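Participant: For the protein sequence lines, the chains are E and G, in the order given. Each step along the first sequence adds one to the number in this note's numbering, with nothing skipped, and position 55 is 67. Each step along the second sequence adds one to the number in this note's numbering, with nothing skipped, and position 71 is 77.
Accuracy of the hints is not assured; some may be wrong.
[Claimed, not checked] Computed, partial: chain E to chain G, Cβ under 10 Å:
| id | residue |
| --- | --- |
| 1 | Leu57 |
| 2 | Ser87 |
| 3 | Gly116 |
| 4 | Leu119 |
[As the list claims (entries may be wrong)] Here are a few chain G residues that face chain E, going by a calculated C-beta distance under 8 Å:
| id | residue |
| --- | --- |
| 5 | Thr11 |
| 6 | Met13 |
| 7 | Gly15 |
| 8 | Tyr36 |
| 9 | Leu50 |
| 10 | Gln51 |
| 11 | Lys55 |
| 12 | Asp60 |
| 13 | Lys62 |
| 14 | Phe95 |
| 15 | Lys108 |
| 16 | Gly112 |
| 17 | Asp113 |
| 18 | Gly114 |
Derived by calculation from the structure, the hints in this document are not laboratory data. Fair warning: this is a prediction, and the values are worked out from it, not measured in the lab. Beta carbons are placed, not taken as given, at the ideal position from N, Cα and C, and that holds for glycine.
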Amino acid sequence: NAGVTQTPKFQVLKTGQSMTLQCAQDMNHNSMYWYRQDPGMGLRLIYYSASEGTTDKGEVPNGYNVSRLNKREFSLRLESAAPSQTSVYFCASTEPETQYFGPGTRLLVL
Amino acid sequence: GNSVTQMEGPVTLSEEAFLTINCTYTATGYPSLFWYVQYPGEGLQLLLKATKADDKGSNKGFEATYRKETTSFHLEKGSVQVSDSAVYFCALRSPPGTNAGKSTFGDGTTLTVKP
C-alpha cells in the first residue's frame, strides 16, 4: 500500500496562475483533508470531505476550491495564486480517528 | 471551540537526556488525544494516542497519559536519541457527531538532540 500520495512535490507559480494539487489514498478511507503548514502556525485546515460526494470548509478556505472526485481522490485547486498561499500543503485521510498524511507539496508563489 | 496549546520550542537536548513536551487542551466532550511526529521533509505520522481518561499511549519509548482533570497529554521519553530530532505535534479529535470529527493541532515543538 502506498498510503497517501500527493503530486506535485514542488511547484513554483507566478501570482495569478492557477494549479491543482492532487491527492490519492489507497486505504479505503471515507474522510479526507487538506491542510496548510506555515512556520509557527502549525497545521490549518483548508477543506475536508467526510465522505465521497461531500466537502466542507475548514478554518482557511478562502482562495481555494476542492473536488472529491471519488473515494480515493481529493484535489485542491488554487484559481488565482497569491504570495500569501506560499506554504506546504498536506493531504490526509482518516479512519477511524488516526490521520494518515501524505508527504506534502511545497508551493512557492512569486 | 477546541484548542491545543503545546510547549513552545525549540527544545535542544543532549543524547540520553529526559524529554518532556507539555500539551494542554480545551474541548467539549471527551476527545481522543494524539501525538504526531514530523521528520524533516516528510508528512506527519502518528506517534501515539489515547482515547479515554487515564489511558497511556506509548510507542518507541515515548509515553503520554490522558489526564482529564488537568486537560493535559504531556509527551515524555526517558532517554532521547539523535534520531528523535523532529517536530512534535499534539492533537485532539472530537468524538463522532461533534465538530464533524475534525482534528485540532498544536503549533508543534521542534526537538533537536545533540550527540
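Participant: Going by Cβ atoms only, is lysine 108 of chain G closer than 8 Å to chain E?
Facilitator: holds (6 Å)
Participant: Holds or violated: is the Cβ of glycine 116 of chain E closer than 10 Å to a Cβ in chain G?
Facilitator: holds (5 Å)
Participant: Can you verify the interface hint for leucine 50 of chain G: is its Cβ closer than 8 Å to any Cβ in chain E?
Facilitator: Given a least distance of 5 Å, the restraint on leucine 50 of chain G holds.
Participant: Have a go at the leucine 119 of chain E hint: is there a Cβ in chain G nearer than 10 Å to its own Cβ?
Facilitator: With a closest approach of 15 Å, the leucine 119 of chain E hint is violated.
Participant: Given a cut of 8 Å on the nearest C-beta pair, is the interface hint for tyrosine 36 of chain G held or broken against chain E?
Facilitator: violated (12 Å)
Participant: Restraint: aspartate 113 of chain G near chain E, CB-CB cut 8 Å. Satisfied or not?
Facilitator: Since the shortest Cβ distance to chain E is 4 Å, the answer is holds.
Participant: Double-check threonine 11 of chain G for me: the hint is only fine if its C-beta lies closer than 8 Å to a C-beta in chain E.
Facilitator: violated (11 Å)
Participant: Hint validation: serine 87 of chain E versus chain G, beta carbon distance must be below 10 Å. Holds or violated?
Facilitator: violated (17 Å)
Participant: Using the nearest Cβ pair, does lysine 55 of chain G come within less than 8 Å of chain E?
Facilitator: This interface hint holds because 7 Å falls under the 8 Å limit.
Participant: A closest beta-carbon separation below 8 Å is what the hint needs, so does glycine 112 of chain G meet it against chain E?
Facilitator: Interface hint status for glycine 112 of chain G: holds (6 Å vs cutoff 8 Å).
Participant: Interface hint check: glycine 15 of chain G, Cβ to nearest Cβ on chain E, cutoff 8 Å. Holds or violated?
Facilitator: violated (10 Å)
Participant: Take the shortest C-beta to C-beta distance between methionine 13 of chain G and chain E; is it under 8 Å?
Facilitator: violated (13 Å)
Of the numbered hints stated above, those contradicted by the structure are hints 2, 4, 5, 6, 7, 8, 12 and 13, listed in ascending order.
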